[in-house]
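Enquirer: Below, each chain spelled out in residue letters.
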Amino acid sequence: MFEVKISQMGLVIPTVPAPIAAYVPAVKVGEFVFTSGQLPMVDGKLLAQGIVGDLAGDIDVETAKKCAAQSGINALAAVKSVIGTLDNVVRIVKVTGFIACRSDFTNHSAIMNGASELFQEIFGDAGVHARSSVGMSALPLGAPTEVELVVQVRA
Amino acid sequence: MFEVKISQMGLVIPTVPAPIAAYVPAVKVGEFVFTSGQLPMVDGKLLAQGIVGDLAGDIDVETAKKCAAQSGINALAAVKSVIGTLDNVVRIVKVTGFIACRSDFTNHSAIMNGASELFQEIFGDAGVHARSSVGMSALPLGAPTEVELVVQVRA
Amino acid sequence: MFEVKISQMGLVIPTVPAPIAAYVPAVKVGEFVFTSGQLPMVDGKLLAQGIVGDLAGDIDVETAKKCAAQSGINALAAVKSVIGTLDNVVRIVKVTGFIACRSDFTNHSAIMNGASELFQEIFGDAGVHARSSVGMSALPLGAPTEVELVVQVRA
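Residue numbers (the numbering used here), protein chains in the order written: chain X, 1 to 155; chain F, 1 to 155; chain S, 1 to 155.
The hints are simulated quantities; they were obtained by calculation from the structure and are not laboratory data. Hints are not guaranteed to be accurate.
Taking lysine-lysine pairs in the BS3-like style, the calculated list, with each CA pair at most 25 Å apart, reads [to be verified]:
| hint | chain 1 | residue 1 | chain 2 | residue 2 |
| --- | --- | --- | --- | --- |
| 1 | F | Lys28 | S | Lys28 |
| 2 | F | Lys66 | F | Lys45 |
| 3 | X | Lys28 | F | Lys28 |
The whole structure should be built from the sequences, with the hints applied where relevant.
Expert: Here it is as structure tokens:
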């Protein structure tokens, strides 16, 4: 059902990169999956690089919202890597959205809606989640967004 | 019991705003409740706005401590929205306190005690929690604090 | 088994400080342990103090990597405080690494490998975890790193 919806939306959930050292995309314990923080990578490259703000060269909210959505897609890829098919998702429980931003930035919510709206479109009621959106000094590789999930799955 | 204590303390746990889009105040899975990050809102307005630090216009530790307590009250409101009464709390398990601050700020602990002391006063032994306190570049709407909870509840 | 490995590695897991107010090193709920965020303290003092970056007086990646490992050791001490022996660890589920850094810093991953490699060496397959690494404006006491864990343990 969810996999069909993803296809109908024209989305492709990528395969996640092979584990690096002691660190994997997601871990399943009972009915919970905890993902690693996911950057807005597409084919091994960041969708955008930098910090959200108003200075020259800064990233704008629209671009960062697309990055949040891509981080969300990659987080689903991480979930899929440990449960086989996203049809086994019971509930997107918690979404934490880390946004690299200037100290006067206030519109984190608009950015993270990129991920939240995606989850709702794919999963319907099962995609309605708790969420924290917070502003960081910088993220790995200069990514503007990083998204991690706690997901309830069929045990 | 906890609801009586809250009344005796003269506290009011507000009702949380209606869900916005794909994002709700809290999600319950089995015996766990995960809340969204809660800002120090009172009647739809922030208790204070800005960053904790020593620059002109910055927020001081005492004001930020009150904001952390208010974020904590709102986090309890989020929990209550999915379990009906806070008497169903078994344990405050984990408190994460995000504090918007300058890069030379060091006193995060004093601020987050505003939330921790509140939970202990309300819940006694059931309010003794694990905690992370961390400093952010900026939080949504310019809030100085954001608090999220993991809570064990009657299943 | 894990305790023997820790001894063979020449590591000492310290005892954690006594609870301060409403806040403890870790909480166990069923098969999960949630730890508090742990700073790189050794005998009550930070291994290093400051922010990771390229400015004069900033901390370099190698030093911060050692701090991440020390934060990881202290996180294991927090786990041990609620399960008696680390032989009762079933799986290191999630590692969140908070790194105080400048806004142009990008190498969070190298720093957090200090903790990840430690967990893998001690716990083998049981130490392979999901991880988020993020950059903060500042951490408590001026610490460069703070590490928190979600761990699966024998119930």
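Enquirer: Each hint should be assessed against the structure and marked as holding or not.
Expert: Okay, the hints, checked on the actual structure:
1. For a cut-off of 25 Å, the pair hint linking lysine 28 of chain F to lysine 28 of chain S stands: about 18 Å separates their Cα positions.
2. Note on lysine 66 of chain F and lysine 45 of chain F: the hinted pairing holds, with a Cα-Cα distance of about 14 Å set against a maximum of 25 Å.
3. Simply put, lysine 28 of chain X and lysine 28 of chain F have alpha-carbon atoms about 18 Å apart, close enough for the 25 Å limit, and the pair holds.
The structure agrees with every numbered hint stated previously.
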